[in-house]
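Engineer: As a plain string of letters, each chain reads:
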Amino acid sequence: MIDSRDIIIGIDLGTTNSLVAYADEAGPHLIAGPGGEGDVLLPSVVAFDDTGRVTRIGREARAHAVERPTTTVYSIKRLMGKGVADLADDRRRLPYRVERRSGEAGRDVATVVIGDKSYTPPEISAMVLRELKSRAERHFGRSVNRAVITVPAQFDDAQRQATRDAGQIAGLEVVRIINEPTAAALAYGLDRTEQATIAVYDLGGGTFDISILRLEDGVFEVLATNGDTHLGGDDFDQGLIDLFTVEIREQFGVDIASPTIKQQLRTLSENLKIRLSERDSASVEIAVGTDRVYRRLITRAEFEAMIAPLVARTIEACSRAMKTAKLSPEDIQQVVLVGGSTRVPFVRKLVGEVFQRHPYTALNPEQVVALGAGVQASLLAGVQRDLLLLDVTPLSLGIETLGGAMGKLIPANTRVPCRASETFTTFKDGQTNVKINVLQGERELAADCRSLGVFELTGVPPMPSGIPKIEVTFLIDQNGILNVSATELRSGQTAGVQIIPSHGLTRDEVRRMQADALANAREDMTAHHLIDVRTTLEFDLHKAEQMVERHGRLLDAAERDALVIEIKELREFAKVCCDPRVLNERREAFNRRTLPLAELAVKAVLHEPEGARA
Amino acid sequence: MDEGQPHGAFRAIARKVHPDRFTTASADDRALATRLSAEVNQAHFVLSDPVRRADYLLELSGGPSAAELREVPTELLADIMTLREEIDEAKIAGDDGALLRYRESITARREATMLQIGALAESTANLDEPRRKELRLLINSIKYFDNLLDELSADPLAVAESATDD
Numbered sequence: 001m002i003d004s005r006d007i008i009i010g011i012d013l014g015t016t017n018s019l020v021a022y023a024d025e026a027g028p029h030l031i032a033g034p035g036g037e038g039d040v041l042l043p044s045v046v047a048f049d050d051t052g053r054v055t056r057i058g059r060e061a062r063a064h065a066v067e068r069p070t071t072t073v074y075s076i077k078r079l080m081g082k083g084v085a086d087l088a089d090d091r092r093r094l095p096y097r098v099e100r101r102s103g104e105a106g107r108d109v110a111t112v113v114i115g116d117k118s119y120t121p122p123e124i125s126a127m128v129l130r131e132l133k134s135r136a137e138r139h140f141g142r143s144v145n146r147a148v149i150t151v152p153a154q155f156d157d158a159q160r161q162a163t164r165d166a167g168q169i170a171g172l173e174v175v176r177i178i179n180e181p182t183a184a185a186l187a188y189g190l191d192r193t194e195q196a197t198i199a200v201y202d203l204g205g206g207t208f209d210i211s212i213l214r215l216e217d218g219v220f221e222v223l224a225t226n227g228d229t230h231l232g233g234d235d236f237d238q239g240l241i242d243l244f245t246v247e248i249r250e251q252f253g254v255d256i257a258s259p260t261i262k263q264q265l266r267t268l269s270e271n272l273k274i275r276l277s278e279r280d281s282a283s284v285e286i287a288v289g290t291d292r293v294y295r296r297l298i299t300r301a302e303f304e305a306m307i308a309p310l311v312a313r314t315i316e317a318c319s320r321a322m323k324t325a326k327l328s329p330e331d332i333q334q335v336v337l338v339g340g341s342t343r344v345p346f347v348r349k350l351v352g353e354v355f356q357r358h359p360y361t362a363l364n365p366e367q368v369v370a371l372g373a374g375v376q377a378s379l380l381a382g383v384q385r386d387l388l389l390l391d392v393t394p395l396s397l398g399i400e401t402l403g404g405a406m407g408k409l410i411p412a413n414t415r416v417p418c419r420a421s422e423t424f425t426t427f428k429d430g431q432t433n434v435k436i437n438v439l440q441g442e443r444e445l446a447a448d449c450r451s452l453g454v455f456e457l458t459g460v461p462p463m464p465s466g467i468p469k470i471e472v473t474f475l476i477d478q479n480g481i482l483n484v485s486a487t488e489l490r491s492g493q494t495a496g497v498q499i500i501p502s503h504g505l506t507r508d509e510v511r512r513m514q515a516d517a518l519a520n521a522r523e524d525m526t527a528h529h530l531i532d533v534r535t536t537l538e539f540d541l542h543k544a545e546q547m548v549e550r551h552g553r554l555l556d557a558a559e560r561d562a563l564v565i566e567i568k569e570l571r572e573f574a575k576v577c578c579d580p581r582v583l584n585e586r587r588e589a590f591n592r593r594t595l596p597l598a599e600l601a602v603k604a605v606l607h608e609p610e611g612a613r614a
Numbered sequence: 001m002d003e004g005q006p007h008g009a010f011r012a013i014a015r016k017v018h019p020d021r022f023t024t025a026s027a028d029d030r031a032l033a034t035r036l037s038a039e040v041n042q043a044h045f046v047l048s049d050p051v052r053r054a055d056y057l058l059e060l061s062g063g064p065s066a067a068e069l070r071e072v073p074t075e076l077l078a079d080i081m082t083l084r085e086e087i088d089e090a091k092i093a094g095d096d097g098a099l100l101r102y103r104e105s106i107t108a109r110r111e112a113t114m115l116q117i118g119a120l121a122e123s124t125a126n127l128d129e130p131r132r133k134e135l136r137l138l139i140n141s142i143k144y145f146d147n148l149l150d151e152l153s154a155d156p157l158a159v160a161e162s163a164t165d166d
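In the order they appear, the protein sequences are chains A and B. If you count the first sequence from 1, position 112 lands on 112 in the working numbering, and the numbers rise without skipping. If you count the second sequence from 1, position 102 lands on 102 in the working numbering, and the numbers rise without skipping.
Errors might be hidden in some of the hints.
To be verified - Calculated lysine-lysine pairs in the DSS-like style (CA-CA distance at most 27 Å, straight line):
no., chain 1, residue 1, chain 2, residue 2
1, A, K117, A, K262
2, A, K408, B, K133
3, B, K143, A, K326
Said to hold, decoys possible - Computed far set for chain B versus chain A, every beta-carbon distance over 12 Å:
no., residue
4, R84
5, G118
6, E122
To be clear, the hints were calculated from the coordinates, so they are not data collected in a lab. Here a beta-carbon is modelled for each residue, glycine too, at the ideal position from N, C-alpha and C.
Construct the entire structure; sequences and hints are all you get.
Structural biologist: As structure tokens, this is what we get:
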């Protein structure tokens, strides 16, 4: 029913878990992993060996985190589109090494260092994406090359670019980036045709978004969005981790430095938090050294007091979003909860208070974003055409002015696509290049905003200073990604725009990484194939041994001995052979040699009396 | 004009030109859809707000633009400074009654100014330069009223609370 060319999958690339979905005429569906139906969450975790080679992705990688904390990478989403300068807190908390990529004058791109290898966040996200891609390919039985990927509404241009780069590295054309709360609304709004205003409160593992949307005539129009890209359930866990760390130091005089124990604390804290959503109190036990145990009972009230300042920040963002949309709580007909952290009762209570209504949770908060991404994918693939998303840009876009101020060109919450133009000139006679520092953020000073990169306009025709009129057009597309073009108005010449992203990858780097990833994938495939051949060979050898044992008397002694030796030799060879094709050829040759014996054996069995066969 | 009308028309046009409708089209066509959508969004942004609409009409009739003439009526500037001091005092004193009265009176003045703007903007084509300048000053003054109203609701939670009191 779905043409291979037209398959577009929807992906929720989450901080903690990722999911893949698609939609057909019947609606959106999640695609399960190898665990079968219900195995829809792929933990966004990648495990490496000490040399920096990928060993496991997903659930098995997560299971390894405590054992191998420094080579297990999780929460990579927090690092997307970031520099080391942005990540002081994360670097202190994360057990794996995060360094500034070397040899980058003027740029600050964070990389994860494992053994002698280093990976940028998009490369690690690409590993998770590739796993989802192959889940989808197994499901459809054909290759899948296009995807819609969701991002937090508050993601800036660099974070969105990084997500798109991750897709490309994974071999996916990212046809659309959509905002997570908008996707959630799409999943909820499928069968409702009436007019409504809804608020989507999305608190995930690492990010928080609040979006207010109006649904009318099948159009999903975002009125306002607000939030924090560095606030989520991870921070709830961190409150508990910090508490335990301090108390263990006070009671036992022990400083927790070992990454393994840190990781253990993280897992225990996460479980404790989850239990506290069901119960009024829960406790942890942590072995300190060999003979001492730290025991701690946490009440729900204590936990709530701990996370209150964090939740308060989300509630303030809700009020700001209502103010931007010029709405008060009674104008909002429905409040939808999204993200695993909205399972915390305290969060539900405060959200209920600020919007003065019970939040709606008909769909699983961990699945709703992926379902919405699947719906958007089907809209783009033409499976459905009756809905349309109109989103906004979360942050103001501007340029650094002469005095170091932020000159705003496009305000936050402007509907996308949107466009603004600004005219620049030269300061020196004959100047052919002009540099512009492009910013995103709400602060007055350029230094307090986020630099997206220096855009260098090249090929300006040489003229006396101040004469060229270079019109630069900033266009934010439907993905929330900036496109810049420039024209010198006097000559009508299109100027070139060269972008040096502050925290991102250049087009060439992405292409190189895609090629590397493909080569690695081939290597991985070889490894996979080798395991398959070895398994099959062992099965064949075992069968042959049984035959020799039962029917060896049908052969003459020399033939029989030769076969036994060959079985032994082949088993040894399988251990050292690294080329699956070579091994498979040997296996096939061996099977040809045992064929006469197999035929004799079959005949022998057929001539035995009935009862002896069992 | 009917305030709801640009919105319905906007949705109908947005459906036709949005790039999501052209995922299988050529790169050039997709780029065109993106540019057209940006234009449509800009048009709706201007039309859906009376101040921006007046500003646009003034620009069409020859300006001055906000960048060319930044002033506000002189008597207003003095008023604003006094009001700002009084509001600060009321805030410090925690006099919610006074703050509410300020909010009401500023809202009323803003509405009166909007009526003046509306009357002038309807006939921008026939306005001479002094009248266009007058319109510019009125439009500029709206921003001052909005800033004051923003200050009165600086605590975002206060907005939510006052809304529930209704």
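Engineer: If a hint holds in the structure, say so; if it does not, say that too.
Structural biologist: Status of the hints after comparison with the structure:
1. K117(A) - K262(A): Within the cut-off at roughly 23 Å; holds.
2. K408(A) - K133(B): holds, 25 Å
3. K143(B) - K326(A): holds, 16 Å
4. R84: R84(B) is indeed farther than 12 Å from all Cβ atoms of chain A, at 19 Å.
5. G118: holds, 19 Å
6. E122: holds, 25 Å
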